[in-house]
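Visitor: Start from the sequences, fold in the hints, and give me the full structure.
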Amino acid sequence: MADGFDTQELTELAAEMLKTATDIYPQEVKKFLRDEGTRASRVLRAETKASINRRTGATTRGTKRGKVWRDKDGTWKVRAYNRAPQSTPINQGHWTRNGSKFIPAAGFFPRANETVSREIVGDVEAFIDDMLERGLAL
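Numbered according to the working numbering, the sequence shown spans residues 85 to 222.
Hints may be right or wrong, so weigh each one.
Mimicking DSS-like on lysine-lysine, the simulated pairs with C-alpha atoms at most 30 Å apart in a straight line are [stated by the list, open to error]:
id	residue 1	residue 2
1	K114	K161
2	K161	K148
3	K133	K103
4	K115	K148
5	K115	K161
6	K133	K156
7	K151	K115
8	K133	K115
9	K133	K185
10	K156	K103
11	K103	K114
12	K156	K114
Distance ranges between label pairs, derived from CB positions [claimed, not checked]:
id	residue 1	residue 2	range
13	K185	A99	31 to 41 Å
14	K133	T104	21 to 31 Å
15	I204	R139	41 to 51 Å
Since the hints were made in silico from the structure, they are not lab data.
Just so we're clear, the structure is a prediction, and the values are computed from it rather than from any experiment.
No residue lacks a Cβ here, since even glycine has one placed at the ideal position from N, Cα and C.
Guide: Quick look at the structure:
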């Protein structure tokens, strides 16, 4: 109970509504997650481009959206990733080839993750509202 309101019931209701939506409308859930994955890959591409000082086309073009899948727990997932081999050392920091200088981490993956995490809350609420307008019954 926070500030006199019991938010646990609302959280349970939202989780139940989302579970019901995945059971009744699986194609709409997959489409929603594809769209969110595409948005996440765009944010990751923009953060990558802003973090790297050089014009490296392969690093920025390597940002992709993965397929939507269901894991063992039954939850739907999608990921945005960078398939360029140099993206991980640039993101985490690395030594130069001769080992004389350490290049600090650019850190574009965590910044993109924070941005997407902030944006996805509103998108999920809008998706649930849309499902309620369609007549989603609990």
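Visitor: Look at each hint and say if it fits the structure.
Guide: Now for the hints, and whether the structure bears them out:
| no. | hint | in the structure |
| --- | --- | --- |
| 1 | K114 / K161 | holds (9 Å) |
| 2 | K161 / K148 | holds (15 Å) |
| 3 | K133 / K103 | violated (37 Å) |
| 4 | K115 / K148 | holds (16 Å) |
| 5 | K115 / K161 | holds (12 Å) |
| 6 | K133 / K156 | violated (35 Å) |
| 7 | K151 / K115 | holds (11 Å) |
| 8 | K133 / K115 | holds (27 Å) |
| 9 | K133 / K185 | holds (23 Å) |
| 10 | K156 / K103 | holds (15 Å) |
| 11 | K103 / K114 | holds (13 Å) |
| 12 | K156 / K114 | holds (17 Å) |
| 13 | K185 / A99: 31 to 41 Å | violated (49 Å) |
| 14 | K133 / T104: 21 to 31 Å | violated (40 Å) |
| 15 | I204 / R139: 41 to 51 Å | violated (30 Å) |
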